[in-house]
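Enquirer: So you can see what is in the structure, the chains are spelled out below.
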Amino acid sequence: MEPSYRNGGFNFCWRLRYLFSDPKRCDVVVVRFAGSKVMLLKRVVAVGGEHVEFRDGRLLVDGKAIDEPYVRYPCNWNLSPRDVEKGHVYVIGDNRSTPMENHYFGQASVKRVVGAPLW
Amino acid sequence: MVKTKYILIAAIIVVAGVWATVFFFPSEEKKVKKQFALLSEWVSKDPGESTLTMAQKVRKIGALFAENCELKEPVYSLSGSYTREEITSIALQGRAHFFSLSLKFYDLNISFPETELARVTLTGKLTGKPTSGEQMDETRELECLLKKIEKKWLFSQFEVVEVLKK
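Which chain is which? The protein sequence lines are A and B, in order.
Counting in this note's numbering, the first sequence runs from 6 upward without gaps.
Counting in this note's numbering, the second sequence runs from 7 upward without gaps.
These aren't lab readings, by the way, just hints derived from the structure by calculation.
Accuracy of the hints is not assured; some may be wrong.
What the hints assert, rightly or not - Simulated pairs of lysine-lysine, DSBU-like, Cα-Cα distance not exceeding 35 angstroms: (1) Lys29/A - Lys154/B; (2) Lys42/A - Lys9/B; (3) Lys116/A - Lys40/B; (4) Lys40/B - Lys29/A; (5) Lys135/B - Lys42/A; (6) Lys171/B - Lys78/B; (7) Lys171/B - Lys42/A.
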């Protein structure tokens, strides 16, 4: 999530953030693995029912280019269009300088979103 | 005064007994956790590890696995069934690519669907400095099956859970 958040950094998770609402595009969310000791910090780029793709490093949701001011390092990613299933969000880190194959991103169940960083 | 002394001695005996029971007769859950701790210790590698240490660790890794172990890993096309010898060989080759390596397990959730079978969901974190390339840092959710064979819990299946689906 660099430069927005330092890799391996320390932060607090606001667990009640999505108690009454679902994550929206551009939200930074905390995604859990098997438990609560190790979590991922990712940005929501598309929600359930939307189509997401990358064309020459540009993010397109439902065919429209999305402005991403939080991305500092340009990339040349190409990802064929895919549907985001209902009850899921599509999450990606802000640091796109790494090759797409090495970047851990994709569709996650909303049930795995445990909250948002406090700051 | 004498009564108090006897009560104290009895209490010490009870505490020692409980401690001995826990220590000498660990629960099945503790035995399963111990296998993960051993796997973590033996996969991990310190910089400048000697050939002798490496050979010992790799041999011990193989002993943690059942005769056949199933790997379900959709991303890197590593899925398949591996014998203990193949796992030892993969461990040897894999560790050779790193100056240092650290494998840690978090959030172990253990259940026993059958008497001789343990299912464990956990988070595995592998970090290392390869001999070429950048620092590696991989975190994955895993679902593992361990079978109790000849009183030992042995790894029989590893499945990488797809938390983020590209």
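Enquirer: Which of the listed hints are broken here?
Expert: Checked against the structure, the hints that fail are numbers 1, 2, 4, while the rest are satisfied.
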